[in-house]
Amino acid sequence: MYFLNDIERKTLLGRILPSARKVGVSEELRGWNWSDSPLKPLYPDERIPNFLVGSQYCPTARDVFVSKVRGVRGEENNHVRTGSLLHKAVQNVVLSYVDEVGEQSFEAWWEKEGSRTFRSSNNGQEAQANQGWVKSFVETIWSQTSSECKGALMARRSSQPYASEHDVHASALPFLVEHKVDGRLLGLSGLLSVDCYDYLHGIIFDLKYLRPRSTAEPWRRLYCAGYAIALESVYEIPMDLGCVVYISQINGQPTVSRDLFFIGDDLRGWWLEERDKKLEIVAQKKDPGIPNRCYDTCLYTKYCLGEQK
Amino acid sequence: MVREEGKVLYAELPENLRQVIITGHGSISTDALVLLSTYGVDLILIDWKGKVVSRLSAPEMRTVFTRREQYIAYKDSRSGYLAKAFVLAKMKNQKALLGTFAKNRKETDSAAAERITHFKNVIEDLITRLEAFEPASIDTSRPSILGFEGSASSTYWDGIKEVVPEELKFDERSGRGALDPFNSMLNYGYGVLEGETWRAVHYAGLDPYGGFLHADRPGKPSMVLDLMEEFRQQLVDRTVISLASKKVVTSKDFQIEEGFCRLSDEARRALLKELLGKMEEYLAVGEEKMRWCDLILSKSRDVAQYLRGEVNNYNGFYLRW
Ligand code: SF4
Chain A
42 MYFLNDIERK TLLGRILPSA RKVGVSEELR GWNWSDSPLK PLYPDERIPN FLVGSQYCPT
102 ARDVFVSKVR GVRGEENNHV RTGSLLHKAV QNVVLSYVDE VGEQSFEAWW EKEGSRTFRS
162 SNNGQEAQAN QGWVKSFVET IWSQTSSECK GALMARRSSQ PYASEHDVHA SALPFLVEHK
222 VDGRLLGLSG LLSVDCYDYL HGIIFDLKYL RPRSTAEPWR RLYCAGYAIA LESVYEIPMD
282 LGCVVYISQI NGQPTVSRDL FFIGDDLRGW WLEERDKKLE IVAQKKDPGI PNRCYDTCLY
342 TKYCLGEQK
Chain B
35 MVREEGKVLY AELPENLRQV IITGHGSIST DALVLLSTYG VDLILIDWKG KVVSRLSAPE
95 MRTVFTRREQ YIAYKDSRSG YLAKAFVLAK MKNQKALLGT FAKNRKETDS AAAERITHFK
155 NVIEDLITRL EAFEPASIDT SRPSILGFEG SASSTYWDGI KEVVPEELKF DERSGRGALD
215 PFNSMLNYGY GVLEGETWRA VHYAGLDPYG GFLHADRPGK PSMVLDLMEE FRQQLVDRTV
275 ISLASKKVVT SKDFQIEEGF CRLSDEARRA LLKELLGKME EYLAVGEEKM RWCDLILSKS
335 RDVAQYLRGE VNNYNGFYLR W
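So the protein lines, in turn, are chains A and B.
For our numbering, add 41 to where a residue sits in the first sequence, where the first one is 1.
For our numbering, add 34 to where a residue sits in the second sequence, where the first one is 1.
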């Protein structure tokens, strides 16, 4: 999932990195300037998770109001369950190689994670009907991730025969997965979790399970921008590259594509605008209202539209 | 070469110049005029009220095609589309500036910060509504677009009033012939911006008088005024407010003349220095880094390209912060 292919590498080296170096990032928009405008949060006592800042599903951002002000928990659906299991599977596989444990049994993992997710579902029948399909979907991603990690380790070992085993792992798999970072300096939660941070190439990865027929919209880059600024605020080093990894299905087959980009001023400015708007909703307990058209698989449909009736 | 009482004050090669601004008294030789024209350097004269009174530039360099399309576009939906794009960008910049000022004041004056935030939110709401507006030809759409623009602007200046030092006596925005120091600084700044935008419009092959948002009126460079809408806030307003807040310019720098508020030479020089310095500063625009002056030129070219049908959209310039 987190290894770039030849074309992506060429794009990175030939276009994105040169452009990033040439254009640069305005100093005011670097995370370490969190105490100054424009990064300084207008409501320093409020916190919201980065996924709510980035999410553009609800056109009026009422999801922020409903979840953070009213404290409503969204209705879990099959899409959310699949996405969450995909995250856990990828995390599990990468970590087992990073930690030098090696290949793990998918069946054993599924028995523990997958079955539990479906057992605890509050929508028993719908969940059960999908379980088989989800299992085989996640299993394909599991084995693909495992092969990638194994391949990278072998390539590294064969090119550097005198490297220690630790060196081989740290450079072939330079990934901090589910990396925890404190976003409080920026008005974000204290426990942000970055899907993956590639510390050798300086890339922040965000994994997304895409609904069938949905497209890779530019706003999905906002998540990486938020993590980049938060990481900069904590580590005080520049974080300029982001990558959204899209897992989707074409003809029932898992398909992986990557959107690699420079986290420049435009994106940072956009993220800031979203953060400020959403922090304000929370701080002022401001109901932004129901839009003309709701996102059809929104987790809060029952709450918002039920309430409207 | 600039001389004062025989002493050389400044010398520069013509190829290094982009524009010469004459403000105040003095004279210029015809040799200098020819030299500037040969090198495509514009010369503009701005009076103390900030009005561009004269402009000299090299002859046209583009074909008539762009201008012809500009005139035809007036009658079709492209005119409304462009006018909407200019106003939308202007409103987004207004919103961004108020947002920044609100944040800066949060700790020092939270009541003012809240008021500014309120004004920012009103503009945000107007932006959403204008975004949904489907423009037709400008004659049909002008009242609606100007309605949005007017509401946003009066809200914006209410917000700006909160950040202007009281001694500058800024009460409301007034155009030419300002009666208070803050307005007279703005007018002067807009004059400089107008000169720069005029140059850009000219080099993009557009007719400076053939605008869309601003109605045709003899002697009114409507296209220049249209395009500069999206640059006023980030370039001029921000600079003027910063000079006022830092007390570089104070009430002592003004006097009432002919019933109008007149800037002292020092204050005008300070403002000009800041603004011209800013024109040379770089900013990141998408995947490019460019100077503000080149950005204005690039947006003019975008308008011309849109009118010629080489691209099917035009996005006004705005900064989100
Ligand atoms: S149901 Fe509609 S209003 Fe409520 S959060 Fe979802 S999209 Fe927004």
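Please note that the accuracy of each hint is not assured.
[Said to hold, decoys possible] Quick list of in silico lysine-lysine cross-link-like pairs, DSS-like style, CA-CA up to 27 Å:
hint: 1; chain 1: A; residue 1: K109; chain 2: A; residue 2: K249
hint: 2; chain 1: A; residue 1: K109; chain 2: B; residue 2: K140
hint: 3; chain 1: A; residue 1: K327; chain 2: B; residue 2: K323
hint: 4; chain 1: B; residue 1: K41; chain 2: A; residue 2: K81
hint: 5; chain 1: A; residue 1: K51; chain 2: A; residue 2: K176
hint: 6; chain 1: A; residue 1: K63; chain 2: B; residue 2: K286
hint: 7; chain 1: B; residue 1: K140; chain 2: A; residue 2: K326
hint: 8; chain 1: B; residue 1: K281; chain 2: A; residue 2: K318
hint: 9; chain 1: B; residue 1: K307; chain 2: A; residue 2: K51
hint: 10; chain 1: A; residue 1: K81; chain 2: B; residue 2: K85
hint: 11; chain 1: A; residue 1: K318; chain 2: B; residue 2: K140
hint: 12; chain 1: B; residue 1: K254; chain 2: A; residue 2: K81
hint: 13; chain 1: A; residue 1: K81; chain 2: B; residue 2: K195
hint: 14; chain 1: A; residue 1: K81; chain 2: B; residue 2: K280
hint: 15; chain 1: B; residue 1: K280; chain 2: A; residue 2: K63
hint: 16; chain 1: A; residue 1: K327; chain 2: B; residue 2: K140
hint: 17; chain 1: A; residue 1: K81; chain 2: B; residue 2: K281
These are calculated hints, taken from the structure and not from any lab test.
Here the structure is a predicted model, which is why all the values come from computation and not from measurement.
Status of each hint after checking the structure:
1. A/K109 with A/K249: Roughly 23 Å separates the two Cα atoms, so the pair holds.
2. A/K109 with B/K140: Holds. A/K109 to B/K140 sits at ~23 Å (cutoff 27 Å).
3. A/K327 with B/K323: violated (38 Å)
4. B/K41 with A/K81: violated (50 Å)
5. A/K51 with A/K176: violated (34 Å)
6. A/K63 with B/K286: violated (44 Å)
7. B/K140 with A/K326: Holds: B/K140 and A/K326 sit about 18 Å apart, inside 27 Å.
8. B/K281 with A/K318: violated (32 Å)
9. B/K307 with A/K51: violated (44 Å)
10. A/K81 with B/K85: Between A/K81 and B/K85 the Cα gap is close to 39 Å, so the pair fails against 27 Å, i.e. violated.
11. A/K318 with B/K140: holds (15 Å)
12. B/K254 with A/K81: violated (43 Å)
13. A/K81 with B/K195: holds (23 Å)
14. A/K81 with B/K280: Answer holds: A/K81 to B/K280 is near 21 Å, not above 27 Å.
15. B/K280 with A/K63: violated (32 Å)
16. A/K327 with B/K140: holds (19 Å)
17. A/K81 with B/K281: Holds, at roughly 24 Å.
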